[in-house]
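Q: Protein chains in written order, with the working numbering: chain A, 1 to 211; chain B, 212 to 422; chain C, 423 to 633.
Honestly, I wouldn't trust all of these hints.
[As the list claims (entries may be wrong)] With a straight-line cut-off of 25 Å between C-alpha atoms, the simulated DMTMM-like cross-links for lysine to aspartate or glutamate are:
1) Lys364(B) to Asp564(C)
2) Lys451(C) to Asp485(C)
3) Lys575(C) to Asp142(A)
4) Lys240(B) to Glu155(A)
5) Lys240(B) to Asp274(B)
6) Lys240(B) to Asp564(C)
7) Lys153(A) to Asp142(A)
8) Lys200(A) to Glu155(A)
9) Lys153(A) to Glu88(A)
10) Lys622(C) to Asp485(C)
11) Lys575(C) to Glu297(B)
12) Lys451(C) to Glu155(A)
13) Lys240(B) to Asp353(B)
14) Lys240(B) to Glu508(C)
15) Lys451(C) to Glu86(A)
16) Lys622(C) to Asp564(C)
17) Lys622(C) to Glu510(C)
18) Lys622(C) to Asp523(C)
19) Lys411(B) to Asp274(B)
20) Lys200(A) to Asp63(A)
21) Lys364(B) to Glu155(A)
22) Lys29(A) to Glu366(B)
23) Lys153(A) to Glu577(C)
24) Lys451(C) to Glu508(C)
25) Lys29(A) to Asp523(C)
26) Lys451(C) to Glu510(C)
27) Lys575(C) to Asp485(C)
28) Lys364(B) to Asp274(B)
29) Lys575(C) to Asp353(B)
30) Lys411(B) to Asp63(A)
31) Lys153(A) to Asp485(C)
32) Lys153(A) to Glu366(B)
33) Lys411(B) to Asp312(B)
34) Lys29(A) to Asp353(B)
[Claimed, not checked] Label-pair distances were calculated between CB atoms; the ranges are:
35) Gly120(A) to Val540(C): 47 to 57 Å
36) Leu6(A) to Thr359(B): 37 to 47 Å
37) Leu298(B) to Leu5(A): 53 to 63 Å
38) Leu592(C) to Val118(A): 40 to 50 Å
39) Val596(C) to Phe410(B): 49 to 59 Å
40) Leu6(A) to Phe410(B): 47 to 57 Å
Hints in this document: simulated from the structure, not taken from any laboratory.
We put the beta carbon where it would ideally sit given N, CA and C, even for glycine.
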Amino acid sequence: MIANLLYWFELLAVAVFALTGAIVAAQNKMDPVAYVILAVVTGIGGGTIRDALLSTPAFWLSDPADLLMCAAVAIVVFVSRATFVELERNPGPWRVLPWADAIGLALFAVVGAERALVAGAHPISAIVLGTVTATFGGVVRDVFIGQTTLIVKREIYITAAMLAASVYVLIYYVLGNAVLAALLGFAAGFCLRAAAVLFKWTLPTVEGWKK
Amino acid sequence: MIANLLYWFELLAVAVFALTGAIVAAQNKMDPVAYVILAVVTGIGGGTIRDALLSTPAFWLSDPADLLMCAAVAIVVFVSRATFVELERNPGPWRVLPWADAIGLALFAVVGAERALVAGAHPISAIVLGTVTATFGGVVRDVFIGQTTLIVKREIYITAAMLAASVYVLIYYVLGNAVLAALLGFAAGFCLRAAAVLFKWTLPTVEGWKK
Amino acid sequence: MIANLLYWFELLAVAVFALTGAIVAAQNKMDPVAYVILAVVTGIGGGTIRDALLSTPAFWLSDPADLLMCAAVAIVVFVSRATFVELERNPGPWRVLPWADAIGLALFAVVGAERALVAGAHPISAIVLGTVTATFGGVVRDVFIGQTTLIVKREIYITAAMLAASVYVLIYYVLGNAVLAALLGFAAGFCLRAAAVLFKWTLPTVEGWKK
Chain A
1 MIANLLYWFE
11 LLAVAVFALT
21 GAIVAAQNKM
31 DPVAYVILAV
41 VTGIGGGTIR
51 DALLSTPAFW
61 LSDPADLLMC
71 AAVAIVVFVS
81 RATFVELERN
91 PGPWRVLPWA
101 DAIGLALFAV
111 VGAERALVAG
121 AHPISAIVLG
131 TVTATFGGVV
141 RDVFIGQTTL
151 IVKREIYITA
161 AMLAASVYVL
171 IYYVLGNAVL
181 AALLGFAAGF
191 CLRAAAVLFK
201 WTLPTVEGWK
211 K
Chain B
212 MIANLLYWFE
222 LLAVAVFALT
232 GAIVAAQNKM
242 DPVAYVILAV
252 VTGIGGGTIR
262 DALLSTPAFW
272 LSDPADLLMC
282 AAVAIVVFVS
292 RATFVELERN
302 PGPWRVLPWA
312 DAIGLALFAV
322 VGAERALVAG
332 AHPISAIVLG
342 TVTATFGGVV
352 RDVFIGQTTL
362 IVKREIYITA
372 AMLAASVYVL
382 IYYVLGNAVL
392 AALLGFAAGF
402 CLRAAAVLFK
412 WTLPTVEGWK
422 K
Chain C
423 MIANLLYWFE
433 LLAVAVFALT
443 GAIVAAQNKM
453 DPVAYVILAV
463 VTGIGGGTIR
473 DALLSTPAFW
483 LSDPADLLMC
493 AAVAIVVFVS
503 RATFVELERN
513 PGPWRVLPWA
523 DAIGLALFAV
533 VGAERALVAG
543 AHPISAIVLG
553 TVTATFGGVV
563 RDVFIGQTTL
573 IVKREIYITA
583 AMLAASVYVL
593 IYYVLGNAVL
603 AALLGFAAGF
613 CLRAAAVLFK
623 WTLPTVEGWK
633 K
């Protein structure tokens, strides 16, 4: 039942990431096919790169539920694009997207690290793979549309994914309890990202750290 | 014999895609090594990414025919670059490249979808892999030279690859005839792309679809 | 013992490539997390892509020594970034980085080609994989930060990697001596790159080759 719950949570995280891809398409006034491509790339890109690094077939090859979810999200956003662009520009009290994205980020980081450990990766490598799972979909999306990638921005985004994956791996190795590790990892990543969104925290640049 | 024919067709498609890569090098006045790299990346990039997603070794590892074809195309274009750049600028009655490219696009989409089905992928995932095979070589080429990728352009290009792969997979599942499916898939993708080139069809943007 | 020596040499080459990534972070005044990411991507990116093409798990999954080396380099550069940026701007008699980078380039090209041959690749494909191992870490770094990639520049860089891999494969097939092949391949690649740095050699563009 817990595996089943995780399946639905993961599908939800894919949907949220697909949503951020489709909204980028809406903001840039792209054609409907570009909505679908950006939703798919953002939604499943990170997990796909993780699978290539683990040398296992991409997770959506045998079960296309994630692909269909991305396409469905793209179509919904396309049909009601005026609403989505307006919401993004003027979020009012409803700023849902950053929160949903923070959930997806923390969830993907934990799931990616777990998959890597199951595949026999070293704990430190599993932290890297969790971070890749959570963030590389967004990086590929940005590269495809020629936008500055996450890596250059000072937002605490990749850092939050690293934290989620690190806490998961650490707790799992210290206490041996995967469920507790997943919950604490998720909580740590989500809280850090949420705090960054709420309080507009950014990482200091070189200047900020000047001696 | 049909497998043999397919081998030569695929080599031809690789050559055509390599040609588009080498011509980009000529247009940007690059050095000879860049001709070879862009020809190779464009020619075999899509199939290589497909193989990584399927978790099989890249198709050119054991048989370097495709690599050599790309290198040969790059050398021919480099030696007669003045002619190629002039032809691109002022194609006259010889506008061969877009037609050859349309053949390559439809062929790669069908071959990619077929490989994915053989590897046990779900039909919907096979359509995605066919599209990736046909288009990601060009996307990587554009990313490498810092040019706007196909995804942002409104050309009916990725759409034609999707159609070819979809028709192949659909006919194959409905009629169970791989050869007929390949022919119809190829024809559908080629005709849509050819029509887009001939009649300058583009996908409407958000504005075009405004309610 | 030779395998052991190679292990340490490879770790050194990873460190040198990580250094170039971290210095790019310093030059662009990025945050500390970006130092780590760029060091990791540049240090292990090429070998990781090689492994994906060979369809074997990424080489750092079971042994995180290379990951830790990249992180350590990133931290050292971050802590003493003022020195590194100054050294880059005004290298004086100490221009160490291009030489270290030339060593890494030639070493990675030879190691990549060797791994490909061991995995059963065709000699020509092994040359391509050696070149990919040596250069794609830097290409991905440049793509991630939105900078012009190596491919567009006329520097003799990719060419030197190609030469190192080609000499290794050729000597290995002609004489059957892997150690001699590795030494000569390394020497050829390093000397060409060193000459390019010393004498500011560049590849001619189309203009330069005009008939």
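Q: For every hint, state whether the structure bears it out.
A: Here's how the hints hold up against the structure:
1. Lys364(B) to Asp564(C): 23 Å, holds
2. Lys451(C) to Asp485(C): 31 Å, violated
3. Lys575(C) to Asp142(A): Status holds; Cα separation ~23 Å.
4. Lys240(B) to Glu155(A): 38 Å, violated
5. Lys240(B) to Asp274(B): Not satisfied, since the Cα-Cα distance of roughly 31 Å exceeds 25 Å.
6. Lys240(B) to Asp564(C): Roughly 21 Å separates the two Cα atoms, so the pair holds.
7. Lys153(A) to Asp142(A): Holds, because 12 Å separates the two Cα atoms, which is no more than 25 Å.
8. Lys200(A) to Glu155(A): 8 Å, holds
9. Lys153(A) to Glu88(A): Distance ~19 Å between Lys153(A) and Glu88(A) Cα, so the pair holds.
10. Lys622(C) to Asp485(C): Outside the cut-off at roughly 38 Å; violated.
11. Lys575(C) to Glu297(B): 24 Å, holds
12. Lys451(C) to Glu155(A): 14 Å, holds
13. Lys240(B) to Asp353(B): 15 Å, holds
14. Lys240(B) to Glu508(C): 34 Å, violated
15. Lys451(C) to Glu86(A): Cα-Cα ~34 Å, so violated.
16. Lys622(C) to Asp564(C): Holds, at about 21 Å.
17. Lys622(C) to Glu510(C): Holds, because 17 Å separates the two Cα atoms, which is no more than 25 Å.
18. Lys622(C) to Asp523(C): 15 Å, holds
19. Lys411(B) to Asp274(B): Answer violated: Lys411(B) to Asp274(B) is near 38 Å, above 25 Å.
20. Lys200(A) to Asp63(A): Roughly 38 Å separates the two Cα atoms, so the pair is violated.
21. Lys364(B) to Glu155(A): It is violated: about 29 Å lies between the C-alpha atoms, which goes past 25 Å.
22. Lys29(A) to Glu366(B): Distance ~14 Å between Lys29(A) and Glu366(B) Cα, so the pair holds.
23. Lys153(A) to Glu577(C): 29 Å, violated
24. Lys451(C) to Glu508(C): Holds, at roughly 13 Å.
25. Lys29(A) to Asp523(C): Given pair Lys29(A), Asp523(C) is violated - Cα atoms ~43 Å apart, limit 25 Å.
26. Lys451(C) to Glu510(C): 14 Å, holds
27. Lys575(C) to Asp485(C): 34 Å, violated
28. Lys364(B) to Asp274(B): Not OK: Lys364(B) and Asp274(B) at ~34 Å, beyond 25 Å, violated.
29. Lys575(C) to Asp353(B): Holds: Lys575(C) and Asp353(B) sit about 15 Å apart, inside 25 Å.
30. Lys411(B) to Asp63(A): Cα-Cα ~37 Å, so violated.
31. Lys153(A) to Asp485(C): 30 Å, violated
32. Lys153(A) to Glu366(B): Judged against 25 Å, a Cα distance of about 31 Å means the pair is violated.
33. Lys411(B) to Asp312(B): With a Cα-Cα distance of about 15 Å, the restraint between Lys411(B) and Asp312(B) holds, given a limit of 25 Å.
34. Lys29(A) to Asp353(B): Holds, because 21 Å separates the two Cα atoms, which is no more than 25 Å.
35. Gly120(A) to Val540(C): 47 to 57 Å: 21 Å, violated
36. Leu6(A) to Thr359(B): 37 to 47 Å: 38 Å, holds
37. Leu298(B) to Leu5(A): 53 to 63 Å: Since the Cβ atoms of Leu298(B) and Leu5(A) sit about 60 Å apart, the hinted range of 53 to 63 Å holds.
38. Leu592(C) to Val118(A): 40 to 50 Å: Roughly 42 Å apart at Cβ, these two residues keep to the hinted range, so it holds.
39. Val596(C) to Phe410(B): 49 to 59 Å: 57 Å Cβ-Cβ, so the 49 to 59 Å window holds.
40. Leu6(A) to Phe410(B): 47 to 57 Å: Given range 47 to 57 Å: holds, Cβ gap about 49 Å.
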